[in-house]
Amino acid sequence: MTQHTRATSEIFTPSGQIQFGVFFQGVNAGTIWKAPESGSQTDFESFRRIAQTAERGLFAAFFLGEGLRLREHLGRPHALDVVGRPDAQTMLAALASVTTNIGLVATQNTTYNDPADLAHRLASLDLISGGRAAWNIVTTDNAWTGANFRRGGYLDHADRYKHAEAFVETAKRIWDSWETPDGPARRVLQQGQHYTVDVTPRLPRSAQYRPVLFQAGDSPEGRNFAARQADVIFSAHPKFDDAVEFRKDLVERSLAAGRGANAVQIMPASEFILAATDAEALEKKEWVRSLQIGPQQAVAYLEQFWGRELSAYDPDGPLPEIDPVVEETSETRGSGFHGAKARQLADQWRAEAKDKGLSIRQFVTSRTARVDATFTGSYTAVADQLAEYARVGAVDGFNISPWLVPTGLDDIVNHLVPELQERGVYPTEYRGSTLREHLGLETPVRSSDGAVGAVRA
Amino acid sequence: MTNSFTPGFLAIELDDAGWEGAEISRAVLAAESAGFHAGTFTDAPAPGRANALQRAAFAGPVTRTIALVPEVDTVYTEPFHISTQLASLDYVSGGRAGWIVTAAESPAAAAAVGRSSVTGAALGQEAAASIEVSRRLWDSWEDDAVIRDVATGRYLDVDRLHYVDFDTAVDFETPAGFAGAGYSVKGPSIIPRPLQGQLPVLAPASLLGEVSADAVDAVLVSSPTAELLAAEVRDVRGRIGAPVAVVAELDVVLDSRGQAAGERVAGLDDGRAVYAGSADGLTDFLSELLKEADGVRLHPASLFVDLEELGRLVLPELRRRGVLRPPTPDGTFRDLLGLSRPASRYATTAAPAGAGK
Ligand SMILES: Cc1cc2nc3c(=O)[nH]c(=O)nc-3n(C[C@H](O)[C@H](O)[C@H](O)COP(=O)(O)O)c2cc1C
Numbered sequence: 001m002t003q004h005t006r007a008t009s010e011i012f013t014p015s016g017q018i019q020f021g022v023f024f025q026g027v028n029a030g031t032i033w034k035a036p037e038s039g040s041q042t043d044f045e046s047f048r049r050i051a052q053t054a055e056r057g058l059f060a061a062f063f064l065g066e067g068l069r070l071r072e073h074l075g076r077p078h079a080l081d082v083v084g085r086p087d088a089q090t091m092l093a094a095l096a097s098v099t100t101n102i103g104l105v106a107t108q109n110t111t112y113n114d115p116a117d118l119a120h121r122l123a124s125l126d127l128i129s130g131g132r133a134a135w136n137i138v139t140t141d142n143a144w145t146g147a148n149f150r151r152g153g154y155l156d157h158a159d160r161y162k163h164a165e166a167f168v169e170t171a172k173r174i175w176d177s178w179e180t181p182d183g184p185a186r187r188v189l190q191q192g193q194h195y196t197v198d199v200t201p202r203l204p205r206s207a208q209y210r211p212v213l214f215q216a217g218d219s220p221e222g223r224n225f226a227a228r229q230a231d232v233i234f235s236a237h238p239k240f241d242d243a244v245e246f247r248k249d250l251v252e253r254s255l256a257a258g259r260g261a262n263a264v265q266i267m268p269a270s271e272f273i274l275a276a277t278d279a280e281a282l283e284k285k286e287w288v289r290s291l292q293i294g295p296q297q298a299v300a301y302l303e304q305f306w307g308r309e310l311s312a313y314d315p316d317g318p319l320p321e322i323d324p325v326v327e328e329t330s331e332t333r334g335s336g337f338h339g340a341k342a343r344q345l346a347d348q349w350r351a352e353a354k355d356k357g358l359s360i361r362q363f364v365t366s367r368t369a370r371v372d373a374t375f376t377g378s379y380t381a382v383a384d385q386l387a388e389y390a391r392v393g394a395v396d397g398f399n400i401s402p403w404l405v406p407t408g409l410d411d412i413v414n415h416l417v418p419e420l421q422e423r424g425v426y427p428t429e430y431r432g433s434t435l436r437e438h439l440g441l442e443t444p445v446r447s448s449d450g451a452v453g454a455v456r457a
Numbered sequence: 001m002t003n004s005f006t007p008g009f010l011a012i013e014l015d016d017a018g019w020e021g022a023e024i025s026r027a028v029l030a031a032e033s034a035g036f037h038a039g040t041f042t043d044a045p046a047p048g049r050a051n052a053l054q055r056a057a058f059a060g061p062v063t064r065t066i067a068l069v070p071e072v073d074t075v076y077t078e079p080f081h082i083s084t085q086l087a088s089l090d091y092v093s094g095g096r097a098g099w100i101v102t103a104a105e106s107p108a109a110a111a112a113v114g115r116s117s118v119t120g121a122a123l124g125q126e127a128a129a130s131i132e133v134s135r136r137l138w139d140s141w142e143d144d145a146v147i148r149d150v151a152t153g154r155y156l157d158v159d160r161l162h163y164v165d166f167d168t169a170v171d172f173e174t175p176a177g178f179a180g181a182g183y184s185v186k187g188p189s190i191i192p193r194p195l196q197g198q199l200p201v202l203a204p205a206s207l208l209g210e211v212s213a214d215a216v217d218a219v220l221v222s223s224p225t226a227e228l229l230a231a232e233v234r235d236v237r238g239r240i241g242a243p244v245a246v247v248a249e250l251d252v253v254l255d256s257r258g259q260a261a262g263e264r265v266a267g268l269d270d271g272r273a274v275y276a277g278s279a280d281g282l283t284d285f286l287s288e289l290l291k292e293a294d295g296v297r298l299h300p301a302s303l304f305v306d307l308e309e310l311g312r313l314v315l316p317e318l319r320r321r322g323v324l325r326p327p328t329p330d331g332t333f334r335d336l337l338g339l340s341r342p343a344s345r346y347a348t349t350a351a352p353a354g355a356g357k
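In order, the protein sequence lines correspond to chains A and B. Under full-length UniProt numbering, think of the first position of the first sequence as 1, with each following residue one higher. Under full-length UniProt numbering, think of the first position of the second sequence as 1, with each following residue one higher.
Bound conformation, chain A alone:
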């Protein structure tokens, strides 16, 4: 079956393949910094090493995350996790010079950027990299992050995706504005509630026409937005049954949006803990978890819900008997969660921990470790598992967060990839030179042939 019919068909057809991406997170508890082999989070060498290893393993894409204000804990910057990361597009432009095939995906926010500026910079990255750029569209917005920006403020939560969609449509028109590779460009005019754009774009289309669009947002509005606008969803649903469910949901939404059942691909966030045997992998997992959630992290995790210092409590003892001092919980600011009633939550957790006989540390590990996103086992066992995902088309690939920088992909590339190739479910070469080609995405339909966009949002 040709790709054209796959992409426009109303019936979902599994490709029978999976792809890998690597998500260099830069800010999180999942990256271990306490091991002797933990490298720098900012030196270019760390990024080069991971990107080149991924490319050796024929990964489709290298992702960088973004957070525009440092996370805080009890009113001060959060101290316990890796933090401090380079600007995504600047780093990716540099990585473009030391890689030749791998896609380069920048997470960029729609609230704290101007459409014309962001579209121009993404087009630049796409051209400089020879058609390998992508934008992971995120919509995180709050006044607290806005304090770093002159445009300040933030949007009504309900308006977030309306704004994001107008933003993305404007970006697409900017990318599509050149009549021929040599120009001249059409003027793009957008007048809206959230911004006004009047620009004559400067850059021609890239080898992949325009940057590939990823979307990471899981609410119904977020999913609908992706179904209308995105090429790939960076999802939070890696476990098999959940992934199958999510696929069904997304296929429905894509069809409702007037696109084909295969139009939007899915790559969930994931983590791999692998070894030669299942037993060794489980042992490794213990070690990984102990370094991800140390005693201080465990107590700090509770502190953000209790709203008070709990350092007097033994991480290996029971949950604190004292009550939270806050009404609403305020999980570490910048981690993107919203409050629940604190007292109620504390009661519930104390009961649960007591029931299961869990210490603070054990309890927190059970809650925070990427339980759902972790594949643990021997190379062959995990390869069999992933082959099943490929067979039914539960996902199109996995976006892997390595727990070690910069060596965290080595065993995946050296051992898991060959197992997958043997099973015929993983690429044996890059399909072309652009990210769009690696992913098997269609040439995009050129947006809006009129010079002046509709007035909306």
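Worth flagging that the hints you see were computed from the coordinates, not collected in a lab. Positions of the beta carbon are idealized from the N, C-alpha and C atoms, including for glycine. Do not take every clue at face value.
[Unchecked claim] Only some residues are given here: those of chain B computed to face chain A with a beta carbon under 7 Å: (1) R49; (2) Q54; (3) V62; (4) F80; (5) L89; (6) I191; (7) L228; (8) A230.
The hints should help you fit chain B with the ligand onto chain A, whose structure is shown.
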């Protein structure tokens, strides 16, 4: 810096290389092997011109010695973003990044982001505010903020991170509307302190006044003709009276491959001083100019044509005459400018982040 016996440095504008990765590499490597000390990347809006900072970032990993200095606008950009981007450029270039501050004047730049046009003194005020925000953010992580202390479980020493609490205090002198509104930036930065501590900041002399000379590390000086350039350099140096490098701007068109420079000069009409002629003549001209200026930035009429002649005939002779210093392998851009690595302004005096908000 003002000692005229110190041999000078040369920068070259690399815009002509365009946006293709292979061409950027070819240009920057040619400039580096010719002995240029810095490559610059203009960002003035023009058809076919890709983002300057990204072109500089691409050049980072393929070079070892040459400083990489993009223009970045200060009027229609977010200071927090450009600070992060420039700090990141410093990381990907191993400490060879700098910043040419520009202040976009064109109404088109304002329309692109839906703001009212900024003019007059407000341009310099925007630039000054942006520079101050970046400099504070670059200092907002002290050098040793990342401690990786396994015993206490702390990756960071939070006492070594600082809110910058920048506030323009007064609205800029500009018509009402978003463009001229004052603003504030909280911090801290989202990236650790740049490798150089502070990136060298270069600004055109036209912005001085609203931008204080103390806020920059180098000033770019233009004059309408080559004959007036040395005098203009002297004049600017006299006016600023601060230990700031003075860099002369010169368009260059060399006789090449049997084609006289005069035949190629027609395309140049940017208001900068032009040298058109033989390589020998340029060598003599630069020998004199480098006695007045700390450095000269060349804008070649045709990058690859002129670069070949410059590398073959002009730079070796300037070095032989002792007016041009040899490149320093693995040096930072600050090293090139004779600037030491400054301590963070927050290192000893300011309150830590979180205290007394
Ligand atoms: C796997 C995944 C990765 C994400 N990465 C980022 C990120 O790097 N930066 C960011 O600001 N938001 C990130 N987000 C947040 C989303 O973009 C989105 O703002 C958030 O999920 C709230 O949107 P929603 O209400 O539609 O879920 C991520 C979300 C997911 C599911």
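- Task: With a cut-off of 7 Å on the beta carbons, see whether I191/B makes it to chain A.
- Result: holds, 6 Å
Taking the least C-beta to C-beta distance, is V62/B closer than 7 Å to chain A? holds, 5 Å
| Any CB of chain A closer than 7 Å to the CB of R49/B? | holds, 6 Å
Minimum Cβ distance from L228/B to chain A below 7 Å? It is violated, given that the least Cβ distance between L228/B and chain A is near 33 Å, above 7 Å.
| query | Regarding the hint that A230/B lies at the interface with chain A, is the smallest CB-CB distance below 7 Å? | reply | Violated, because the Cβ-Cβ distance from A230/B to chain A comes to roughly 36 Å (cut-off 7 Å).
Hint check: 7 Å Cβ-Cβ cutoff, L89/B to chain A
Holds, because the Cβ-Cβ distance from L89/B to chain A comes to roughly 6 Å (cut-off 7 Å).
Would the stated hint for Q54/B survive a check requiring a Cβ distance to chain A of less than 7 Å? holds, 4 Å
Problem set entry | Supplied contact hint for F80/B, tested at 7 Å Cβ to chain A | OK, holds: F80/B within 7 Å of chain A, min 4 Å.
The earlier numbered hints that this structure contradicts are 7, 8.
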